[in-house]
Amino acid sequence: AQSVSQHNHHVILSEAASLELGCNYSYGGTVNLFWYVQYPGQHLQLLLKYFSGDPLVKGIKGFEAEFIKSKFSFNLRKPSVQWSDTAEYFCAVNRGTNAGKSTFGDGTTLTVKP
Amino acid sequence: GAGVSQSPRYKVAKRGQDVALRCDPISGHVSLFWYQQALGQGPEFLTYFQNEAQLDKSGLPSDRFFAERPEGSVSTLKIQRTQQEDSAVYLCASSPDLSNTEAFFGQGTRLTVV
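Chains as they are written, first to last, in the working numbering: chain A, 1 to 114; chain B, 1 to 114.
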């Protein structure tokens, strides 16, 4: 069974700091990768996704992620965070194009101090 | 509405009680998914519908869990004889077509079994 690890459970940053959230998965075959964000009191929203092609994926709100196949990683980055980025971030993986049937990590809570 | 709607938002059930959770997907969306999210964890896949057909129910934790989507739109997740370990947020997601490259999530129903 595939699994997804998000090593940072809680990250606290000041505004304008750079962000990198780690995500590693266990499955060795072809995978599709996603990052979701959940702002306080809101539903899960897709930040970005990788299916194939350029391993550096750009998403909404200035976020990007890099797929490194040899490291089984899909880390999320943002050069300069804002207070409004305070949220919980989930990495997810699936083995087909079925985005709805994904294996999620346990999430990373990001707190950005103004 | 524009998004996936779930009701009720909160449900408290006494142990042994049956509950029914409702999901209204985005109008016209073909695919529908249910997830269970325990406190401090990521969502875990329960089941998947394509129109009215339940194509995958591999994630349902026991035969006390039952889901249906009889007319290919609204779906109901039913839990019989609830137990404390069923306490979680139940998320519904829908996808517009069979490629399922993006899933849109509802805000979830928080079930507390006392």
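Mixed in with the good hints there might be a few duds.
[What the hints assert, rightly or not] Cβ-to-Cβ under 7 angstroms is the rule here; a few derived chain A residues that face chain B:
no.	residue
1	40
2	46
3	62
4	64
5	100
6	109
[Stated by the list, open to error] For each label pair, taking beta carbons as the anchor points, the in silico distance ranges come out as:
no.	chain 1	residue 1	chain 2	residue 2	range
7	B	70	A	5	32 to 40 angstroms
8	A	16	B	52	49 to 57 angstroms
9	B	84	A	95	27 to 35 angstroms
10	B	76	A	111	45 to 53 angstroms
11	B	64	A	53	15 to 23 angstroms
Simulated from the structure, these hints should not be mistaken for lab results. These numbers were taken from a predicted model, which means no experiment stands behind them. Here a beta-carbon is modelled for each residue, glycine too, at the ideal position from N, C-alpha and C.
**Request:** Just pull the numbers of the violated hints for me, sorted ascending.
**Result:** 1, 3, 4, 6, 10 and 11
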